[in-house]
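Colleague: Position chain F against the provided structure of chain V, taking the given hints into account.
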Amino acid sequence: MSRISNWLRDGVGFDILLVGAALLFLVALAGAPLVYNVLMSFQQVDMFTLGSLIRPFVGFDNYIAVVRQPEFWLVTRNTLVFVFGSMTGQFVLGFALALFFAQNFPGASTIRGLFLVSWVMPGLVVGAIWSWILAGDFGVLNVILKSLGIIQSNIFWKSDPNFSIWAVIIANIWLGLAFNMLLLSVGLAAIPRDLYEAAELDGANAFQRFWTITLPMMRSTIGAVLSLGLIGTLQQFDLFPALTEGGPANTSNVAGFWSWQLSFQLYDFAKGATVSVMMFLLVLFASVIYVRSTRHEVRG
Amino acid sequence: MTAQIELAGIDKHYGSFHALKDISLTIDKGSFVALVGPSGCGKSTLLRSIAGLESISAGRMSIAGREMTGVPPRHRDIAMVFQSYALYPHMTVEDNLTYSLRLHGVGKAEARKKAAEVAATTGLTQLLKRYPRQLSGGQRQRVAMGRAIIRNPKAFLFDEPLSNLDAALRVQMRKEIRALHDRLGATSVYVTHDQIEAMTMADWVVVMRDGVIEQQGRPLDLYDHPVNRFVAGFIGSPAMNFMAGRIAESGNAVVLDGGAGTLPLARHVEPGRAVLAGIRPEHLVMAGDDASFHLTIGVVESTGSATYLTSPDGAFQLVQSERTTLGPGDRVGLTIDPVRVHLFDPQTGMRL
Numbered sequence: 001m002s003r004i005s006n007w008l009r010d011g012v013g014f015d016i017l018l019v020g021a022a023l024l025f026l027v028a029l030a031g032a033p034l035v036y037n038v039l040m041s042f043q044q045v046d047m048f049t050l051g052s053l054i055r056p057f058v059g060f061d062n063y064i065a066v067v068r069q070p071e072f073w074l075v076t077r078n079t080l081v082f083v084f085g086s087m088t089g090q091f092v093l094g095f096a097l098a099l100f101f102a103q104n105f106p107g108a109s110t111i112r113g114l115f116l117v118s119w120v121m122p123g124l125v126v127g128a129i130w131s132w133i134l135a136g137d138f139g140v141l142n143v144i145l146k147s148l149g150i151i152q153s154n155i156f157w158k159s160d161p162n163f164s165i166w167a168v169i170i171a172n173i174w175l176g177l178a179f180n181m182l183l184l185s186v187g188l189a190a191i192p193r194d195l196y197e198a199a200e201l202d203g204a205n206a207f208q209r210f211w212t213i214t215l216p217m218m219r220s221t222i223g224a225v226l227s228l229g230l231i232g233t234l235q236q237f238d239l240f241p242a243l244t245e246g247g248p249a250n251t252s253n254v255a256g257f258w259s260w261q262l263s264f265q266l267y268d269f270a271k272g273a274t275v276s277v278m279m280f281l282l283v284l285f286a287s288v289i290y291v292r293s294t295r296h297e298v299r300g
Numbered sequence: 001m002t003a004q005i006e007l008a009g010i011d012k013h014y015g016s017f018h019a020l021k022d023i024s025l026t027i028d029k030g031s032f033v034a035l036v037g038p039s040g041c042g043k044s045t046l047l048r049s050i051a052g053l054e055s056i057s058a059g060r061m062s063i064a065g066r067e068m069t070g071v072p073p074r075h076r077d078i079a080m081v082f083q084s085y086a087l088y089p090h091m092t093v094e095d096n097l098t099y100s101l102r103l104h105g106v107g108k109a110e111a112r113k114k115a116a117e118v119a120a121t122t123g124l125t126q127l128l129k130r131y132p133r134q135l136s137g138g139q140r141q142r143v144a145m146g147r148a149i150i151r152n153p154k155a156f157l158f159d160e161p162l163s164n165l166d167a168a169l170r171v172q173m174r175k176e177i178r179a180l181h182d183r184l185g186a187t188s189v190y191v192t193h194d195q196i197e198a199m200t201m202a203d204w205v206v207v208m209r210d211g212v213i214e215q216q217g218r219p220l221d222l223y224d225h226p227v228n229r230f231v232a233g234f235i236g237s238p239a240m241n242f243m244a245g246r247i248a249e250s251g252n253a254v255v256l257d258g259g260a261g262t263l264p265l266a267r268h269v270e271p272g273r274a275v276l277a278g279i280r281p282e283h284l285v286m287a288g289d290d291a292s293f294h295l296t297i298g299v300v301e302s303t304g305s306a307t308y309l310t311s312p313d314g315a316f317q318l319v320q321s322e323r324t325t326l327g328p329g330d331r332v333g334l335t336i337d338p339v340r341v342h343l344f345d346p347q348t349g350m351r352l
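The listed protein sequences derive, respectively, from chains V and F.
Residue 208 in my numbering sits at position 208 of the first sequence, with consecutive numbering throughout.
Residue 179 in my numbering sits at position 179 of the second sequence, with consecutive numbering throughout.
Just chain V, same shape as in the assembly (with noise of 0.2 Å):
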């Protein structure tokens, strides 16, 4: 018995013991639902076989009949606009914000204290307010845009199908701008000071200093910036809720809003599975990248 806890207090016990918890909380939590996903994506999904776990298998049916679903390329295709959208507008202006506040002037850090509060609300709240100002009637942007003269007549952000995906991208990029300027933040505070004055004496302007230092001494900050983002735009839930619907006719509709309306709305678990489990793979590629890049990291 004392050796157990002999074992437990000073050999590697102690350490097992440690990981374990950890482990065993990441398969029960993460590990377990996952696996349980893909083998939903791969089984026949029904009234009658829903409180079992092992289900009749169907291969690849599930995956070709969502591929044939009518609405499948054009919710890959907002998917992708999605993402790309809202990543490039987040990651360049909270490139831009991070660069603003990394400048010394009074406030500064207050003022980029603020910024947090895009973070702290509720992604619903921040639609809904967002479903306030894009409103097509009496929405405070169509009023700023038609003051300033770029537009003439209202435009209706949440139900034109040219401009639905646009609206949610729209508060996407406010929502995850405050993480994307943080976290760029604290990449740019970490380059020291004196490679760029070593840099300003080599002869190298404002512009060279940032292409030649800034941007390879981020290379790891942008990487782990631009996963998270994905992952991040991929999970955005609440705000198609609160603004669209995924509507209309499904013209800002994404992938993970789909998977949910297929499994909670229809009651085809396998089909939302299996979306999800296309999801789970473009994650993985990424991350994949991402890894990748941060092999070659630089730092001092």
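Bear in mind the hints are in silico, worked out from the structure with no lab data behind them.
Each residue gets a CB set at the ideal place from its N, CA and C atoms; glycine is no exception.
Careful, some of the hints might be misleading.
Quick list of simulated restraints, FRET-style, between CB atoms [claimed, not checked]: (1) N164/F x I231/V: 53 to 61 Å; (2) L169/F x I231/V: 46 to 54 Å; (3) L352/F x V186/V: 53 to 61 Å; (4) L116/V x S163/F: 45 to 53 Å; (5) I231/V x D11/F: 51 to 59 Å; (6) V186/V x L169/F: 46 to 54 Å.
Modeller: Coordinates of chain F only, in the frame set by chain V:
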């Protein structure tokens, strides 16, 4: 000699802190000037002002005859070696060396050729493809130097470049930097808190304290004729001993306070005046009956080549080149060549 860098009436304020006070300094072309002083004396601020990395609050400066006040660093044609080296971590040694050339539109082949030349003079030829993190401290130091040399700038600025190296390497790099300076015929400004570096490397030493130049001159002139007590105590190692006393009736000796003894003087000074006598530890000579004053020994340290004897309170030190059998508690008689006694005013600290 023509002036390469000229500073006139430089002032620098950080809020209410007055970092540089009316600094005027002329640095000749081809000279090696050391800015030396305790930390916080403004020597680094002055160097960074010359580089343009700090703006100055008042005054004018010119480099190679061109007015440089307010000119951004990249238009000053000056190279700086940083204490941290500030090597670009994401570039190989070769890319670090050629960075400035590439910015100025020098062709790839030309840049590589120059990098190879510089690498040969700094001993980096085998390391061109490595990254800074794969180099030792001394090698990084050389890359930082090479990056400065490759541009053939108007002046080299060094900001405590050796302080991150171990003692043996520091002594070696001291010689290498000086040799490189002579070979290139460069103009160098070197900031250090180590007066030995300043004395051994520089042709001209500028001693600073609290934003003011206390004294400037050739290294040995500073050693022989310090203008005040601060410079006297700062230059020389171990530091000068100071003893309070009063000029004797005769006017050519100092009667030390507390009955410690009498120091002979080589000149006549107003009798009865209170003075501070400064004696360098290496100028004291052991004596028998003709001793000027006596010292009780507290600590004996031998390095083999020299013996350091310190008084019990640690305030007085002397250096002997001979070995000694003396131990703690022994009393020794000491004498000194009268011309080597420095006198300072006890109030103002100025040399008498």
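Colleague: Indicate, hint by hint, whether the structure satisfies it.
Modeller: Hint check results:
For N164/F and I231/V, the hinted distance range of 53 to 61 Å is not satisfied, since their beta carbons lie about 41 Å from each other. Roughly 48 Å separates the CB atoms of L169/F and I231/V, a value that falls within the hinted 46 to 54 Å. Remark: the range hint 53 to 61 Å for L352/F to V186/V is upheld by a beta-carbon distance near 59 Å. L116/V and S163/F have their C-beta atoms about 40 Å apart, which leaves the hinted 45 to 53 Å range violated.
Checking the proposed 51 to 59 Å range against I231/V and D11/F shows it holds: the Cβ atoms sit about 55 Å from each other. Look at V186/V against L169/F: about 35 Å separates their beta carbons, and that is not inside 46 to 54 Å.
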